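**Student:** Note that the protein sequences, when read in sequence, are chains A and B. If you count by numbering that gives the first Met the number 0, then the first sequence holds residues 0 to 337, one letter each, in order. If you count by numbering that gives the first Met the number 0, then the second sequence holds residues 0 to 413, one letter each, in order.
If you are wondering where the hints come from, they were derived from the structure by calculation, not from laboratory data.
Quick partial rundown of chain B residues pointing at chain A, CB under 7 Å, derived from the structure:
| # | residue |
| --- | --- |
| 1 | Ser50 |
| 2 | Thr223 |
| 3 | Asp226 |
| 4 | Tyr248 |
Using 20 Å as the maximum straight-line C-alpha spacing, the simulated SDA-like pairs for lysine to any residue come out as follows:
| # | chain 1 | residue 1 | chain 2 | residue 2 |
| --- | --- | --- | --- | --- |
| 5 | B | Lys280 | A | Leu173 |
| 6 | B | Lys262 | A | Trp55 |
| 7 | B | Lys184 | B | Pro215 |
In this text, all values refer to a predicted model and were calculated from it rather than measured experimentally. Ideal placement from N, C-alpha and C gives every residue a C-beta, glycine not left out.
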Amino acid sequence: MTNTTHGAPLAPEVSPPQTKTKAGGGFLGRAGIVGGVLVIAIVIALLRSGSGLVVWQSVVTGILTGGLYGLIAMGLTLIFGVLDIVNFAHGALLAVAMFISFGMVSATGMHPYLTLVIAIPALFLIGAAVHRGLLSGSGGKSLENQLLITLGLSLLLENGLLMFFGAEPKAIALPGDFQFPLLGAVVAGSRLYAFLGAIALGALLYWLLRRTRLGTAIRAVAANGPGAELVGINVRRIHTLTFAIGTACAGAAAALAGPLVTVTPTLGEQFNITAFVVVVLGGMGNVVGALVGGLLIGLVEQLTTIYLGGQSSLLGVFVVFILVLFLRPQGLFGRKTA
Amino acid sequence: MAARKLIAALGACALLATGCGGSAPVGAGGAAAGRDEGPVKIGALHPVSGSNAVDGQQMRRGAQMAVDAINAAGGIKSLGGRKVELITGDTQGKADIGQSEAQRLISTGAVGLVGTYQSAVSTNVAVVAERNRVPFVADVTATDAVYANGYRYAFRIQPGSAVIATAAAQYLQQVSQQAGKPVRKVAFLHEQSDFGSGAADAFTEAARGLGIEVGPDISYDATTVSDLTAQVTQVKASGADVLAVAGYYRDSLLAAKAIASVKPDLNAVWGVSNGAYDQPKFVADAGDLGALYFSTNYHYDANNPQTTALREQYQRTYGDPMRTGAVLSYDAVQVIAQAVEKAASTDPQQVRDAIAAAQVAPLTVGNGPIQFADNGDNRNALAVLMQIQDGQVKQVYPPEKAESRPEYQVTWRP
Chain A
0 MTNTTHGAPL
10 APEVSPPQTK
20 TKAGGGFLGR
30 AGIVGGVLVI
40 AIVIALLRSG
50 SGLVVWQSVV
60 TGILTGGLYG
70 LIAMGLTLIF
80 GVLDIVNFAH
90 GALLAVAMFI
100 SFGMVSATGM
110 HPYLTLVIAI
120 PALFLIGAAV
130 HRGLLSGSGG
140 KSLENQLLIT
150 LGLSLLLENG
160 LLMFFGAEPK
170 AIALPGDFQF
180 PLLGAVVAGS
190 RLYAFLGAIA
200 LGALLYWLLR
210 RTRLGTAIRA
220 VAANGPGAEL
230 VGINVRRIHT
240 LTFAIGTACA
250 GAAAALAGPL
260 VTVTPTLGEQ
270 FNITAFVVVV
280 LGGMGNVVGA
290 LVGGLLIGLV
300 EQLTTIYLGG
310 QSSLLGVFVV
320 FILVLFLRPQ
330 GLFGRKTA
Chain B
0 MAARKLIAAL
10 GACALLATGC
20 GGSAPVGAGG
30 AAAGRDEGPV
40 KIGALHPVSG
50 SNAVDGQQMR
60 RGAQMAVDAI
70 NAAGGIKSLG
80 GRKVELITGD
90 TQGKADIGQS
100 EAQRLISTGA
110 VGLVGTYQSA
120 VSTNVAVVAE
130 RNRVPFVADV
140 TATDAVYANG
150 YRYAFRIQPG
160 SAVIATAAAQ
170 YLQQVSQQAG
180 KPVRKVAFLH
190 EQSDFGSGAA
200 DAFTEAARGL
210 GIEVGPDISY
220 DATTVSDLTA
230 QVTQVKASGA
240 DVLAVAGYYR
250 DSLLAAKAIA
260 SVKPDLNAVW
270 GVSNGAYDQP
280 KFVADAGDLG
290 ALYFSTNYHY
300 DANNPQTTAL
310 REQYQRTYGD
320 PMRTGAVLSY
330 DAVQVIAQAV
340 EKAASTDPQQ
350 VRDAIAAAQV
360 APLTVGNGPI
370 QFADNGDNRN
380 ALAVLMQIQD
390 GQVKQVYPPE
400 KAESRPEYQV
410 TWRP
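With the hints as extra help, turn the sequences into a complete structure.
**Tutor:** Right, here's the structure in full:
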């Protein structure tokens, strides 16, 4: 029940706030360095491509795509930060939520964003059931078991979807989708909505963790399991709730991102690796860090495309990933565990 | 601690994804088992699960329909009317599994194999077939590498990657000249693996030979890409008047969305071996976005009444339109069955010799009967140009295969 041996990392959201001023200064410094590096990278891209429009479009696309990555990574980072579970099934749960959204849209013709009200509770319940049924028992204690359980679950979900819905790729149409020019670059409305949704979800989670009793309990459990239990917090319930909130985030992400992607049972694979990189980059357990990390990864992907003439954009992502692991293993916005 | 845990987990994940491949049985031990009695067995290897399951299932059904047609017509007459049986394997889209499944089907007594939809899988299956001396007739396999190894047992029905790309360049020049807007500069957008890059290289070489400028050459990672707007903006900035696209379904759909939002100054969008732009599914998903897109690819012969009958039967039985891949599987099974008929034997080596000398009328577009060159390629394989017109994929070029005339333009420009 208590998860002390795997002491979870303490990220700003889930750690006691007493050192806030000191950390605030370091945070601004780091943000400045990251921003400076980014500006230099963009200038180099400008020199490399010779077309301002291409670079500008890349930056806009990078930020919008990055919002999508952040959206998907937020639930993952919450689960990882509080429960210390590497949830490989996150991508598959995202796919499940996409199919729920797709099913609602094609059955009732409702607006894709309205499926939020079904996808979020559905994924919340699925998450709670998965944690209670598979992960919270003694079987889910060790790293290897968690790994096999979540990986096995992702295979099960993917193949279940394949059986029920078939492998035929599906599309969720967004009625009244539009696009508008932004200083020469084009911005698709659906991407902008997903981006704004990511920011809203980030803000909501931040508020939940910082300003509510539940959030305080979650942070307490993350910081010190036995201590939380001693003051009367039901640690197992908090773990289940956190896992469920994390998967509910996947539900929200799916409803918002549905119109942007081709819905297939294996679509989670497309985002899994990127989402893990974003989690590490942003600091594990740090919801706002995940959003910023997502934006950074989105930009890095697009800029790599310019640098390397379109070769694997993941190359740049992993170069940044390894650099961050060397220089700041706790993530750009994470804090060293004591 | 947590970071280390994550790295360990990622590492384990990578191992699980790529490893576990060393268990394929080796050797020709069971190669002769059970061929002399019972039905004549033909092996079909397709990805019926995994991300290409739709095509895999289509192709398995196409092969089964060929077998049913042969049995309904009285089986193999030269063997006293012995029936034909399709034995199937699921490659899951993975080369190592395709390899072990090929071995299994051969051990079960297959006189020949058809498959596999994916180049990487076919590469391994061809090796197994060669080692066991059992003919392998590829239905869909784009890569030309398999047929440059001097294999004796590997054959292929579809036109290869280079044939399609070369035809795409020639058709582009001819169609654009006929429309009075001769092509000047082609930007090439392609996914970065063998399939897309191979198509781009072959197209570039052929186009340069015809005096067409090709550039910029833009690639992307088909498995992870989620937006191609910046890439299409690059096309717009380059001033190219044609955009060629070689990709799989999902990424080609993304490209169509990006093209619709950026609206580059193009005269045509030109699919090369494209996995989307000649699919009815794409027309449904993309709607107006995909109107007037061109695609050069292998295709079922829309003007052949037999093909039409077969596709109608498929539609009735399975409720889906039959894709070209499934028609190619049908052709491939026919090639093996007719070779067994001609050889009057189930000995794979005699079947192989009969295939090498075969002349089989195809249901896919070709210059004539299926006839194999020394390297195993179908000498008469022909790529055809299609265009999405009025919500339908129509064959438009060359004229003798056309259902309709090409309209060389895009919807967002006059």
